[in-house]
Amino acid sequence: MSKPMKSALVLLGPLLAFLMLAYVFPFLGILRWSFTLPELGLGNYADALTDPLVLSVFGRTLRVCVIVTLVSVASAYVITLLWVRGGPVQRLVMELCILIPFWISVLTRAFGWLALLSNRGLINTWLQGIGLTSDPLTMVRNEFGVVVGMAHFLIPFAVFPLASAVRNLDERVLLAARGMGAGRQRVFWTVFLPMTAPGILGAALIVFVFALGFFVTPAILGGGRSVMVAELVYLRIFQSPNWGLGAAISVILMIGVAFLMGALMKAVRPGEKS
Amino acid sequence: MKPTRPGLVAVVLAALVAVFLLMPLLAVIPVSFTPKRFLSVPEEVWSLRHYQSLIDEPEWARAAGLSVLIGMASAALATALAFLFSLGIWMLRPRYAGALMGLALLPMVAPPVVSALTLYFFLITLGQVNDFVAYDSVPGVILAHMVMISPFAVVLITVSLAQIDRRIDLAARVMGAGLFTRIFRVILPNIKFGVLTAFLLTFVLSWEEIGVTIFITSVDVATLPRLMWMGLRDNIDPAIAAVSVVLIVIVTAVILTRTAVQVARSRRGEG
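Protein chains in written order, with our numbering: chain Y, 1 to 274; chain E, 1 to 271.
Watch out, some of these pointers could steer you wrong.
Derived DEER-like restraints, expressed as beta-carbon distance ranges [as the list claims (entries may be wrong)]:
1. Y/Gly87 x E/Val246: 28 to 36 Å
2. E/Val254 x Y/Val24: 32 to 40 Å
3. E/Ala61 x Y/Ala197: 45 to 53 Å
4. Y/Thr133 x E/Arg62: 36 to 44 Å
5. E/Arg167 x Y/Asn242: 57 to 65 Å
6. E/Glu57 x Y/Leu92: 35 to 43 Å
7. E/Ala260 x Y/Thr36: 57 to 65 Å
8. Y/Phe259 x E/Leu16: 29 to 37 Å
9. E/Ile168 x Y/Thr36: 53 to 61 Å
10. Y/Arg167 x E/Phe193: 18 to 26 Å
11. E/Ala260 x Y/Arg184: 30 to 38 Å
12. E/Pro189 x Y/Gly87: 37 to 45 Å
13. Y/Asn142 x E/Pro139: 35 to 43 Å
14. E/Val246 x Y/Arg167: 33 to 41 Å
Think of the hints as simulated: they come from the structure by calculation, not from any bench. We put the CB at the ideal spot given by N, CA and C, even for glycine.
Given these sequences and hints, build the entire structure.
As C-alpha cells, then:
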C-alpha cells in the first residue's frame, strides 16, 4: 500500500468507518423498514400522504414552524442590533442574554416555561392573585406553549447568522443615505434591513430546519395534544407501534430537510449559480 | 466614523426579548421552593424539601454520575476520532474532501428524531448478536452520543487547524519527521486549545443529550436528563425545579466568570 493511502486509512478511516456502521447503514435499515413493514410496497408512503391524522400533524408542524421562525428571527434581529451595534453595556447585557439560555439544557428551559405558563404556574397564580382572572388561562398543552418554548430555544441560533450579516454591513452606505437626507426610520427600512436580507434568510432557514425535527420541547409543552411530526414518529415506534409508518415519516422528514439544506447552501453562497 | 447607535425603539424591543429569554430561567427559582408535591408557587411557606430530596433519593446522584461517565467517555472518543479525521482532511487534502466532510457532519444536520430512530435501529440490531452494546445499555448510549457529538468536534478542530501555518508541518516533514512525530509533536501542540474546546463542548452536549437518549433507553440506563424527562411527562415533580436551579446556577456562574475575566483583560489591554 502506498504511503498516502496508508495515512488516509489511519486518519480518515476510523471516524468514517464508525459513522458508516453506526449511522449510514442503520439509516438504510430505516429506509428498508419504510418499504417492507408490514408488507412490501409503497403502502406506508400512501398512508403517510393520505391518512388525515398524519396529514393534520404535518399541517400543524408546518404552521408551528412558520410561526416559530417568524417570531425567532424577528426577536433575534433586535437582540443582534444591540449586541453588534450597541454601546459597551448594551453589548455585554445582550451577550449574557444570548449565552446563558444557549448553554442551559433544552429540558430545563422547557421546564421553566411550564413553571411560568401552567395552570398553577407563576403567571396564572399572579393573575388570579390580583383578581384579573378567576379561572386559569390555558397556556400549555396547546400550540401557544409549543410556539413560545420553541422560539425561546431557537432565538440564539438565529442570532449567530444575523450577527455576521450585521457586522459585515458597509457603514458608508448608511452614511450616504443619511447624508442624502433620509431619516433614521427610512435608512433602517429601505437600506439597513434589505442589506441584511441574506443573513435573515440564512437565520430563517436554520431555525425552520431545526424546528421541523424538534422533539423535546413540543412533547413537554404540547403535553401530548399538539403532536408534531417528531413526536408522531416516537408514538408510532413506541406507543401504538406501526414501525413502517414511523420509518416512512422519518424518510419524508429527512428529504424535506435535505431540500431546505440545499436552499440554505444557495442562500449562504449566492454567487455560485448552477 | 462611529456607527449609528440603535434607537430607542430597538432598545425597548431588545429589552423585551431579553426579558423573554431570561424569564423561564428565573421562574424555576420560586417553584423549586414550593412545599407541595406538585408544580405550584409557594404562597406563605417556602420549603427546601425538594432540594432535600435531591440528596436523600440516591437516584439523582446516580444519574448525575452516570451522565458524567457517559459524557467523559463519549466526548473523549468522539474528540479522538474527530481529531484524526480533521487532521486527515487538513494534511492529505483528499479529492472528495467536501463529500467526506458532509458525511462526517451528517448527524448534526439531520433532524434529531431521524437520528434517534436510526440509532435505535442500530442498537436493537446489535442487541440481537450481543448483550454488551445493545438497546438500554451504557455502552450503547456512549456509541449513540458519539455519533451525535462528533460532528461538533470535527467543526471546532477543523476551524483551529485552518489557523495554523502549513509551513511548520512542511518544515518538520522536510527534516525527516514521520507521521507520528508531525501529528503529536508539531501539529497537536498548536491546536491543543481547539481540541480541548472540542472535548468540553462535546461533553456538555452529551451531558444534556435527551432527544436520542429517549429512543435508546428504557429503565436500566437513567442519565440525568432521562430522569428529568420521566419526572416531566405526566405528574410534574417539583424536584426537577430544584435540579434545574442547580444546573442554571452552575451555567450562569461559569459564563459570568468567563465574561468577568474577559472584561478585566480588555480593560487592562486598554489601560
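Against the structure, the hints come out as follows:
Look at Y/Gly87 against E/Val246: about 34 Å separates their beta carbons, and that is inside 28 to 36 Å. Range check, E/Val254 to Y/Val24: about 36 Å between beta-carbon atoms, so the 32 to 40 Å window is met. Checking the proposed 45 to 53 Å range against E/Ala61 and Y/Ala197 shows it holds: the Cβ atoms sit about 51 Å from each other. The hint said 36 to 44 Å for the Cβ distance between Y/Thr133 and E/Arg62, and at roughly 42 Å that hint holds.
Checking the proposed 57 to 65 Å range against E/Arg167 and Y/Asn242 shows it holds: the Cβ atoms sit about 59 Å from each other. For the hinted restraint 35 to 43 Å between E/Glu57 and Y/Leu92, the CB-CB distance of approximately 39 Å keeps it satisfied. For E/Ala260 and Y/Thr36, the hinted distance range of 57 to 65 Å is satisfied, since their beta carbons lie about 58 Å from each other. Y/Phe259 and E/Leu16 have their C-beta atoms about 34 Å apart, which keeps the hinted 29 to 37 Å range intact.
For E/Ile168 paired with Y/Thr36, a C-beta distance near 54 Å keeps the hint of 53 to 61 Å intact. The hinted range of 18 to 26 Å is satisfied by Y/Arg167 and E/Phe193, whose Cβ atoms lie roughly 24 Å apart. Remark: the range hint 30 to 38 Å for E/Ala260 to Y/Arg184 is upheld by a beta-carbon distance near 34 Å. Under the hint 37 to 45 Å, the C-beta atoms of E/Pro189 and Y/Gly87, about 40 Å apart, fit the expected range.
Look at Y/Asn142 against E/Pro139: about 40 Å separates their beta carbons, and that is inside 35 to 43 Å. About 36 Å separates the C-beta atoms of E/Val246 and Y/Arg167, a value consistent with the hinted range of 33 to 41 Å.
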